[in-house]
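J.: Below are the chains, spelled out letter by letter.
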Amino acid sequence: MSPLVMGITVFVLAAFVGFEVISKVPPTLHTPLMSGANAISGITIIGALTAAGLGAEPLGQILGFLAVVTATINVVGGFLVTDRMLEMFRSRRDRESQRK
Amino acid sequence: MTEILYLGAAVAFIVGLRQLGGPRTARSGNRIAAFGMLVAIVITLVSSSIVNWEIVAAGLIVGAGIGAWAAVRVQMTSMPQMVAAFNGLGGIASALVAATAVVEIGFADLAAETTVSLLVSTVIGALTFTGSSIAFGKLQGILPGRPFLYPGQKLVNVLLGMGLIGVGIWTAVSGESSGYWVLAGMALVIGILGVVPIGGADMPVVISLLNSFSGLAAAAAGFAIESNALIIGGALVGAAGMILTIQMTEAMNRSLANVLFAGFGSGDSGSVAGTMSDKPVNNATADDVAIALGYADSVMIVPGYGLAVAQAQHAVRKVADQLEQSGITVHYAIHPVAGRMPGHMNVLLAEADVPYEQLLDLEQADPQFPQTDVVLVVGANDVVNPSARDDPSSPIYGMPILNVDRAGRVIVVKRSLSPGFAGIDNPLFYDEKTLMFFDDAKAALEDALSALKAL
Numbered sequence: 001m002s003p004l005v006m007g008i009t010v011f012v013l014a015a016f017v018g019f020e021v022i023s024k025v026p027p028t029l030h031t032p033l034m035s036g037a038n039a040i041s042g043i044t045i046i047g048a049l050t051a052a053g054l055g056a057e058p059l060g061q062i063l064g065f066l067a068v069v070t071a072t073i074n075v076v077g078g079f080l081v082t083d084r085m086l087e088m089f090r091s092r093r094d095r096e097s098q099r100k
Numbered sequence: 001m002t003e004i005l006y007l008g009a010a011v012a013f014i015v016g017l018r019q020l021g022g023p024r025t026a027r028s029g030n031r032i033a034a035f036g037m038l039v040a041i042v043i044t045l046v047s048s049s050i051v052n053w054e055i056v057a058a059g060l061i062v063g064a065g066i067g068a069w070a071a072v073r074v075q076m077t078s079m080p081q082m083v084a085a086f087n088g089l090g091g092i093a094s095a096l097v098a099a100t101a102v103v104e105i106g107f108a109d110l111a112a113e114t115t116v117s118l119l120v121s122t123v124i125g126a127l128t129f130t131g132s133s134i135a136f137g138k139l140q141g142i143l144p145g146r147p148f149l150y151p152g153q154k155l156v157n158v159l160l161g162m163g164l165i166g167v168g169i170w171t172a173v174s175g176e177s178s179g180y181w182v183l184a185g186m187a188l189v190i191g192i193l194g195v196v197p198i199g200g201a202d203m204p205v206v207i208s209l210l211n212s213f214s215g216l217a218a219a220a221a222g223f224a225i226e227s228n229a230l231i232i233g234g235a236l237v238g239a240a241g242m243i244l245t246i247q248m249t250e251a252m253n254r255s256l257a258n259v260l261f262a263g264f265g266s267g268d269s270g271s272v273a274g275t276m277s278d279k280p281v282n283n284a285t286a287d288d289v290a291i292a293l294g295y296a297d298s299v300m301i302v303p304g305y306g307l308a309v310a311q312a313q314h315a316v317r318k319v320a321d322q323l324e325q326s327g328i329t330v331h332y333a334i335h336p337v338a339g340r341m342p343g344h345m346n347v348l349l350a351e352a353d354v355p356y357e358q359l360l361d362l363e364q365a366d367p368q369f370p371q372t373d374v375v376l377v378v379g380a381n382d383v384v385n386p387s388a389r390d391d392p393s394s395p396i397y398g399m400p401i402l403n404v405d406r407a408g409r410v411i412v413v414k415r416s417l418s419p420g421f422a423g424i425d426n427p428l429f430y431d432e433k434t435l436m437f438f439d440d441a442k443a444a445l446e447d448a449l450s451a452l453k454a455l
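Residue numbers (the working numbering), protein chains in the order written: chain A, 1 to 100; chain B, 1 to 455.
Since the hints were derived computationally from the structure, they do not count as laboratory data. Note that the structure is predicted; figures quoted are calculated from it, not measured. Don't take each hint at face value.
[What the hints assert, rightly or not] Which stretches of chain B does chain A cover? Using the computed rule of at least three CB atoms under 8 Å from a CB of chain A, they are:
no., segment
1, 170–179
2, 444–452
[What the hints assert, rightly or not] Computed Cβ-Cβ distance ranges for the label pairs, DEER-style:
no., chain 1, residue 1, chain 2, residue 2, range
3, B, VAL189, A, GLU57, 20 to 30 Å
4, B, GLY408, A, ASP94, 26 to 36 Å
5, A, ARG92, B, PRO370, 34 to 44 Å
6, B, PHE438, A, SER23, 34 to 44 Å
7, B, PRO392, A, GLU87, 44 to 54 Å
In this text, a Cβ means the ideal position worked out from N, Cα and C, and glycines have one as well.
Only chain B is shown next, with the shape it has when bound in the complex (with noise of 0.2 Å):
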């Protein structure tokens, strides 16, 4: 009975994460996974021989407490850095399930899948664990952006790997309990060393493919526990991860070797930074930017980084409800990396109130921009740098662009003329058909909102 009520809740995730593929839908099958989880752990405390009760209700009221507390308090500018720490949280739990086990009962009596399992489970969860909090702390500042790099690093991260095999293989034949000390601990410094040389534009990738191992770990500690529901909890998870993380690779074009190992972004492969800034720019005005927004038919806008950064989501919405009110059509175009996680714009401009059928994804957008009036970037540098296009010698060369300089005009908010994260120049700032507007992009999105509604 207890399988097939775990069987079931194994199906509401299936059902759940189905649901959360469409827009009408997702709030109900987040719901329906969450009922699937509730049932889940209901049959786990009637059915399972539980003897330390105090533990066990101390550590669920203590876990409710925080999760609920960060998930009430936390801003949707800040949801990268809180998926991050939810990834990393989820894999270490993993990594400590396999660890109690190890303690209380020991390897000496195992068989070797459920050893082998124990230390899978160990190792992903471990670096999923400080993988993520390294992406954590870049995300929120606490650590730089940029990517961390020394020399050696690749000799040193190719010799740990090896290590950590060889530790394992070690442990699993030889049933030491001091060896899985050793392998968890490498697995720890090789989260760390993984995630540092990786800057912070990647991070949808690395968010991503964190998603993917925390659930890796969970069916690792299934296989252990010999428990379906884990496997399949997990390997769902792991699936959803991968699935993203491709896709993001696929929006840079670029292997997911290259994002996670070649410190893209650190300036040695920035070739032309500097070479173009003595070009001048068009300096924009406020009312520049009014007129040119005001007369116009057709505007699109172009949300990055910036706009999270300045929390300007809901300065954007109002100059698009204004413009809206003149009769100007505004849709936002959204490419997939924008940010530093999947669908992060989405996330933001759905908290200021843009209906989601206002925003166009890449292959939505991209034919519009020839028939648009005005773009208005916000806050995005790399994602319409025509040198991706353009110039074979481009470090993002082939990377998918929005083509936003085929429209009529274009605006780029941005509060100076420093190149982006890649530390690659970007041709569109100096194109005779872009107006600069140089500053924070919430204040100027509100100036040009007062010089709109003088017009």
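Next up, chain A with everything else stripped away, as it sits in the complex (with noise of 0.2 Å):
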């Protein structure tokens, strides 16, 4: 298989299991689901890391530093700010525990 073909493959088996992962969330949890999703959207950090070590010409390294900045802002900011919110997630039964 041409990696074109396999890429193709292996997006549309990921979009598939990406739909069928995520369509029973309950609406609670929408914006973490969203945020905690942006953050995975980071994973091109990794494209990042590999162009911004590149580096020969003075604009790919200018432009290869701020795709390492913009992707772990993604990353970083994604995943805590995520967990901040799910920490707040709390069931009847958390809360009261929590104030005896």
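Given two chains presented individually in distinct reference frames, assemble the corresponding complex, making use of the accompanying hints.
T.: In structure tokens:
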């Protein structure tokens, strides 16, 4: 298989997995789901690290640096803010046990 | 070996997303996904032949610092603009990866599919960035939330879209890097022009769609650098964002095209604004509200964007606590598009320590209104507008609403009688059973709470 066909195969299968896994998420979790998913889209950081590491051209170095910065903000900020949100999602039981 | 570890990271994303779907497992799901990301980053640092360690290290430190600072500092009421900003950064990161590759390697020696992948990644990433920036500006209040429309707007957008495709094909065929930069510039402009005509209340759709795009840009970058981890991660996010986008448009009974292109809420679609405003309303005081609430057996609270604007989530919970102490059953009914992003109200109420079992979605809440004594509407408007059900000439006709007018009594907390975002008057406000309590949501609820305690 050519890399392109291989890539398309992986893409289509992953998209189906995504639809299956996510389609039944309750509305309560829509925001954390979105911000968590957004952090996962920061996987582009591995492309950014590779690209920034090439670094011969000055313009390439600037663009590569910006790619790493933006992708890292996305990853670190995205996962942290999702964790912060989810910390607040509590059931009645959790809430009462905490007050005792 | 590195490929196996990347696959492990991708599996962590899938397991993490799955766990994010349940309230009890969500937090560990997020951490599993974060761990997968850490693994992917470490493998990349170890395995790829990085020359410029200073640039890579500096980028990681600066990015982690900014990201952590923003995540810790942001207020929950500002979460929609935060998510918009992160979507935009994810998009531009993918576009920058492509741009860096173009500068360092050039198109000349690349296979056709790699060139196309770089172009697609750049276009989607760049328009996600500027589109998200506009969404951020609207949500933050820097830009007006109203749709920005001008004559010939659709023609301009169509021409730009066609021009984008033309330049893209020319660049891919000729391998000229000048075409690449023109293409990137056009994509940036299209992101701006695409989002300015969309009004504030349609932001749940826009944010979900841009979320999806940020994933697709990453997947396209994955095709360019032949990385399965990027393709899988990007496809998952693309799918997640698309599901939310579809759910949001369904919750408004509108097509995605209508949300994106109709300029909804600009006023020219609102037919009846003002026509009913001469009718009398039941003007209520805090004491009236307290009496209505205090002598009920069951109360349903319907929050909307006004609750977020007034930061009234803690005040509303205190009122609910007070009622529950008197043995009154309290639930919250949350419309899918209440607020400015999917799940906006749930996040705010979670911050105020409302247990999630008390939050009902549209399907759970709606059948309960006929048996509910009092509905307390806090800063919501269009999602409780009966004309969506009764008036075929209404622009929101057919949108699933919370039928609060079927309850025994309705209390509406609202700053003024001004029509909602869509510019549509709300017959609920003039209903005999409705009490209108005009004030800022937070102040109103605090007054009602004191009156309740004095009851």
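J.: All hints are to be evaluated individually against the structure, with a verdict given for each.
T.: Status of the hints after comparison with the structure:
{"no.": "1", "hint": "170–179", "result": "violated (count 0)"}
{"no.": "2", "hint": "444–452", "result": "violated (count 0)"}
{"no.": "3", "hint": "B/VAL189 <-> A/GLU57: 20 to 30 Å", "result": "holds, 26 Å"}
{"no.": "4", "hint": "B/GLY408 <-> A/ASP94: 26 to 36 Å", "result": "holds, 33 Å"}
{"no.": "5", "hint": "A/ARG92 <-> B/PRO370: 34 to 44 Å", "result": "violated, 26 Å"}
{"no.": "6", "hint": "B/PHE438 <-> A/SER23: 34 to 44 Å", "result": "holds, 41 Å"}
{"no.": "7", "hint": "B/PRO392 <-> A/GLU87: 44 to 54 Å", "result": "holds, 46 Å"}
Checked against the numbered hints listed earlier, the structure breaks hints 1, 2 and 5; every other hint is satisfied.
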